[in-house]
Structures are given as C-alpha cells and as structure tokens.
Amino acid sequence: MTANIDLRNVGAGLPDQAEGIQHRARRSPRGAFSALGIFGRVVVVLLLIGFALLFLYPFVWLLAASLKPKSEVFDNSLIPHTFSWSNYTDVWSQLPLLHWIFNSVAIAVLAAGIVAVSSSVVAFGFAYFRFPLRGPLFGLVLGTMMLPTSVTMIPTYLIWKDSGLLGTWVPLFGSNLFGSAFYIFLQRQFFLGLPRELFEAARIDGASYWGMFWRIAMPLAKPSFIIVFLFEFQASWNNLQGALIYLNAGGINGYTIPMGISYAMTKYSPTNGGQGDYQFVMVAALLVTIPLLLIFAFGQRYFVEGVATQGRKG
Amino acid sequence: MTQQLTASAEPEDRQRDLARAVKRRKYNRREALAGYAFIAPWAIGFLIFSLGTMIYSLVISFTNYNLATNTAAPVGFANYRGLAQDPLVRQSLENTLFYAVLAVPLEIIFALFLAMLLARVRRGSGVFRTLYYLPKMTPTVATASIFLLLLNGNTGAINRALRAIGISGPQWLIDPNWVKPSIVLMTLWGVSGTMVIFLAALKNVPRDLYEVASIDGAGPVRQFFSITVPMISGAIFFNVIVLTIAAFQVFDQVYLLFWRDNSNASPDSALFYAVYLFEQAFREFNFGFAAAMAWILFLMLLVLTLIQVKVGNRFVYYEGDRS
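Just so you know, the sequences run in chain order G and W. Quick note: the first sequence uses my numbering, first residue 4, plus one each step. Quick note: the second sequence uses my numbering, first residue 517, plus one each step.
What the hints contain is simulated information worked out from the structure, not anything from laboratory work. Values in this document were obtained by computation on a predicted structure and should not be read as measured data. Just to be clear, a hint being listed does not mean it is correct.
[As the list claims (entries may be wrong)] Ranges between beta-carbon positions, derived for each pair:
(1) G:His-84 x W:Asn-670: 16 to 22 Å
(2) G:Tyr-91 x W:Gly-669: 26 to 32 Å
(3) W:Gly-640 x G:Tyr-91: 32 to 38 Å
(4) W:Pro-746 x G:Thr-92: 54 to 60 Å
(5) W:Ile-571 x G:Phe-301: 41 to 47 Å
Heads up, the beta-carbon is just placed ideally off N, CA and C, and yes, glycines get one too.
Given these sequences and hints, build the entire structure.
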C-alpha cells in the first residue's frame with residue numbers, strides 16, 4: 004500500500020528527531036532567507052502583529068461574551084457594558100458542566116496514559132530488537148494510519164456491543180491498550196536515537212529485556228512520552244464522534260465536553276425553543292478551553308516538536 | 517551468539533555451515549522472541565481493530581445488517597447500487613469535493629505565508645508562534661460555538677467588520693453558497709499545525725543558497741520559486757496529502773454548526789460525506805449502506821493519495837539524494 008513511501012522517509016528523519024529533542028535550545032546556524040533591510044523588518048513585524056490580533060480576536064471576544072448579560076452577548080464589544088459576573092456562578096446550575104468536565108478528564112487521562120505506555124512498549128520492540136519481518140511489520144503499523152475511521156467505526160461498535168461494554172467508558176479508550184500507529188512511530192524515532200551500547204551494557208550487567216525497557220529506555224524517553232500523552236489527551240478531549248456513538252444513550256450527566264457543549268448550543272438556541280442564553284455557552288466554552296491552554300503552556304515545546312516531527316516524515 | 521560451527525572435513529560443507537551459521541546469527545532467537553513479545557500488543561490490536569474491522573466492514577457492506585436481530589442477510593451489490601442512485605450521496609460528495617478544493621490550497625498558502633513571516637524574525641518569533649498556535653489548542657466544540665456567533669449573518673462580528681468597510685456580508689450559516697466558505701474560515705483559523713511543519717522545513721534551508729542567489733541577481737520572487745519551494749517540497753507534499761485526507765473526512769465542525777439538531781437552515785449545502793455516512797450509520801442504523809459508503813471513501817482516498825505520491829515523486833527534493 005502506501006506503507007513503503009512512509010518507510011523511506013522515516014529513515015530520513017531520524018537524526019533530526021533525536022537531535023531536536025535533546026538540543027532544543029541550540030540556535031540553528033542555518034535559516035531561510037537573506038537579510039532584510041530595516042523597512043522590510045518593520046513590515047514583517049507589523050504583519051505578524053496583525054495576524055496575532057486576528058488569531059486572538061475570537062478569544063478576547065469569547066472572554067467578553069462570557070461576561071455579558073444575555074441582552075448584550077451579540078453586541079460584539081470587546082469590553083462588556085455591564086459585567087455579568089453571575090454567569091460564572093449560574094452556569095453550574097444551568098448545565099451539568101462539572102459532570103462533563105469530570106467525565107472528559109477521566110477519559111482523557113485514561114486514554115492518554117494507556118496509549119502512551121502501550122505505544123512505548125511496541126515502539127521499543129521495533130526500535131531495539133532484531134527479528135524476522137521487522138521492516139514489513141513496521142510498514143503495516145504505518146499503513147494503518149491511512150485507514151479512515153469511518154471504515155472501522157461500525158465493526159468497532161459491534162465489537163464493543165458484543166463484549167457487553169456499551170454504556171461504559173471502555174469503548175472510548177479500549178483500543179488504546181494496543182498502541183496507536185502515529186505514537187508508535189514517534190516513540191520509535193526517539194528510541195532509535197538512543198545509543199545501543201547503553202542497552203548492551205545493561206545486558207551485561209544482567210538486566211532483563213523488560214528491565215532494559217522500563218528502567219533505561221523509558222526514563223530517557225520522557226520527552227517523547229509527554230508528547231504522546233499530550234497529543235492523545237487533546238484528541239480525547241476533542242473526541243466528538245466517539246462520544247456521539249457511545250454516550251448518546253446515557254443521560255446528559257454522562258456526556259463529555261464536546262457532546263455537552265453541543266447540547267448546550269442547541270438547548271439555548273431560539274430555533275429550538277431556547278431562550279438565547281448564549282452567555283452560558285460562552286462561559287462553558289471558555290472553561291473547557293482553559294485546561295488545554297494550561298497544558299499547552301506547560302508542554303508547548305513538546306507540542307511544537309511533535310507536530311514538526313510529522314513533517315520530517317515526508 | 518550461542519551457535520557453534522560444526523567441524524566438517526569437506527571445505528564446501530564448512531563453507532555452507534558457516535553461511536548457515538551467519539544467517540542464523542543475524543537473528544538471536546531469544547532476542548527475536550522478546551521482540552515479538554514487545555510488539556504483541558500492537559499485533560493483537562492490528563488483527564482485531566484494523567484488519568478484523570476492515571474485513572468485517574467490507575463483509576457488512578454486502579449485507580443488509582440488522583442491529584436489532586444481529587443478523588446480516590447478504591444482498592450482493594445492492595448497497596453499492598443504492599449508493600450510486602442516492603442523490604444525497606452525490607450531493608454530499610460534491611460538497612466535500614468543493615470544500616477540499618477550496619480549503620487545501622488556502623490552508624497551504626496561508627500556512628506557508630505565516631511560516632515565512634515567522635522565519636524572517638530573529639527575536640520574538642517564539643511568542644508569535646505560541647499565539648498562532650492557540651487556536652489549534654482550542655477544543656473544536658469551543659471554536660464552533662464561537663464561530664456560530666461570529667458568523668451570524670445579522671449580528672456577527674465578521675459581518676459587522678465587513679460593513680465597516682462597506683461590504684454587506686452574506687448569511688454565512690444560512691446561504692447555501694456560503695456554508696462551505698464558513699467552514700473553510702474556521703479551518704483557516706486553526707492552520708498553525710500546518711504552519712509549524714513548514715516552519716521546521718524552512719529552518720533547514722541552507723542560508724548560503726539565498727546569498728548565492730542574491731549575488732546572482734535573483735529577486736525575492738525568483739528566490740521563493742527557485743529555492744524555497746524546491747527545498748521545502750517534502751513538507752509541502754506531506755501537508756497536501758494530510759490536509760486532503762482530513763478534508764475528505766471533515767466532520768466535527770460541520771456536525772456542530774449544522775447537524776447537532778434539526779434546525780439546519782441549509783441541509784443540502786451542509787451535507788458532507790462523513791456527516792451523511794455517520795447519520796446513515798448511527799441515526800438510521802443502515803450499517804450495510806454506511807459500510808459501503810466508508811469503503812468507497814477509503815478507495816477514493818487511496819487512489820487520490822497514490823496519484824499525489826506519483827506526482828509528488830516527480831518534483832519532491834529529498835535531502836541526502838536517494839537514488
């Protein structure tokens with residue numbers, strides 16, 4: 004299939020990856036473009052500021068709208084005429100937001116924790132050990148990235164149905180037990196950057212294969228482990244389709260954030276007989292964004308590093 | 517490393533034994549077994565959740581699956597025929613194609629433009645990069661709820677800004693002609709993932725190339741097309757493929773803006789392929805029909821990607837020159 008294209012490029016990306024994670028602070032001596040004149044530099048900075056404002060505007064708008072009384076939510080002013088602080092206290096009785104956040108946090112931590120560990124185990128298998136068919140099997144790993152979720156969605160549902168797990172959270176993270184292609188790829192990249200002598204030395208000292216992985220490779224792989232954890236946390240936090248399939252039958256309290264806020268958008272919509280209390284949707288939207296922004300503040304370099312690695316693949 | 521060469525009188529035999537020993541030594545048995553043990557979780561998951569589900573969904577697509585009774589009567593190609601005759605499938609495919617053709621080039625151009633701006637500044641580019649990345653971190657549902665209000669035709673901020681410069685903005689979320697541009701707009705707000713990949717690629721372009729080129733009298737435009745584009749062609753190629761695949765599967769934004777309840781003002785124009793597939797699967801529980809739709813999507817993506825790879829290989833430059 005397409006696996007062999009990926010394979011070729013995987014090799015090309017290796018040194019960069021390890022280097023990138025270990026010497027992140029190093030300033031690259033290379034960089035695109037010839038030097039700019041003072042005029043050019045001013046234009047560039049002005050453009051950058053302009054785009055920054057464009058990107059930030061929706062956030063400021065959201066913050067303002069969340070503080071407005073119902074009658075002003077649509078007035079587009081970035082500073083509310085009347086500050087309606089009570090939005091932030093009323094929202095909890097308007098919507099079961101606490102339930103949604105709890106559900107989402109629990110599911111996201113489980114999903115991310117499980118997939119980070121399982122993908123690391125598999126990645127170490129592909130990175131360190133030599134065994135027949137290793138290359139073709141890794142090609143298969145990459146090949147599965149091509150598989151659209153809509154192809155697997157229905158049989159996966161039937162698997163969970165037949166195992167009697169519908170109505171639990173398991174379908175939302177169960178398949179993470181088996182690792183996930185992109186994360187296996189990322190972790191393997193990192194493990195390949197570790198010197199082999201490290202492990203040979205540990206072998207001579209009598210370490211088991213598992214001990215080598217768990218006590219030597221894993222502690223060293225902390226940065227890429229964090230990347231995988233954060234990526235999957237975000238993916239799970241955003242998982243709308245899974246929630247629609249597996250949580251729809253339960254009550255509102257069982258929703259996760261994407262489903263809950265979607266429900267709130269409909270609840271207050273005048274076309275559905277709502278009262279147009281969009282300020283509560285705005286408060287909720289802001290509150291569920293904050294955890295991700297905090298995660299980003301904490302793990303920014305990991306995120307950007309991880310995303311950039313994708314590109315080195317191709 | 518435990519094998520021993522069996523001594524043999526005949527030189528040819530010895531040679532053969534040696535060759536066999538070398539071949540065997542390539543894989544240490546214990547190590548190989550441990551390797552298989554480590555990748556076992558993936559292998560099990562692959563057999564069940566990738567290969568198993570793939571085959572199963574292909575089978576389902578040739579049946580009339582009934583969820584209530586858990587029975588699947590084979591119907592041959594009926595689902596595929598039904599799919600070809602269903603005007604809504606056609607409609608959703610057209611919408612999705614239109615969206616992809618609009619979104620992918622705009623995303624590439626915008627992301628590359630931003631990345632080039634960021635690559636130009638020496639100090640403070642980190643701050644801008646962080647700010648540009650924030651939309652990518654925002655949960656899709658929050659983005660959708662913000663844009664639902666920003667894109668409101670009467671009161672939304674976007675049309676108010678347009679009015680300020682004398683343009684009367686459209687009814688973004690109602691007018692069938694503007695539904696897809698609305699989604700594109702939301703997508704563009706979160707373009708920073710693509711941007712970061714371009715930025716990493718731009719940082720790897722050797723500076724000397726530009727110096728030599730400007731000595732030779734090449735202007736900025738010429739430098740862009742003769743140096744930048746070829747040098748980052750790998751990243752462009754990767755982004756085009758990934759964004760195309762994503763565009764064909766776009767679901768979350770469309771669902772949240774148009775399909776979360778029955779108040780959709782523009783049902784024809786907002787019907788995307790992945791949305792229709794989902795509705796067929798988990799609203800109507802037409803598993804056979806939905807599985808057929810999924811396989812058609814899969815085949816389309818496969819063909820599209822293969823074409824892109826074929827075309828891409830002709831002009832993509834790989835550092836380290838593969839032969």
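Going down the list of hints, with the structure as the test:
Separated by about 20 Å at the C-beta atoms, His-84 (chain G) and Asn-670 (chain W) satisfy the suggested range of 16 to 22 Å. Separation of Tyr-91 (chain G) from Gly-669 (chain W) is about 29 Å and conforms to the stated range, judged on CB atoms against 26 to 32 Å. Remark: the range hint 32 to 38 Å for Gly-640 (chain W) to Tyr-91 (chain G) is upheld by a beta-carbon distance near 34 Å. The beta-carbon spacing between Pro-746 (chain W) and Thr-92 (chain G), approximately 58 Å, falls within the hinted interval of 54 to 60 Å.
The hinted window of 41 to 47 Å between Ile-571 (chain W) and Phe-301 (chain G) holds, with their beta carbons roughly 42 Å apart.
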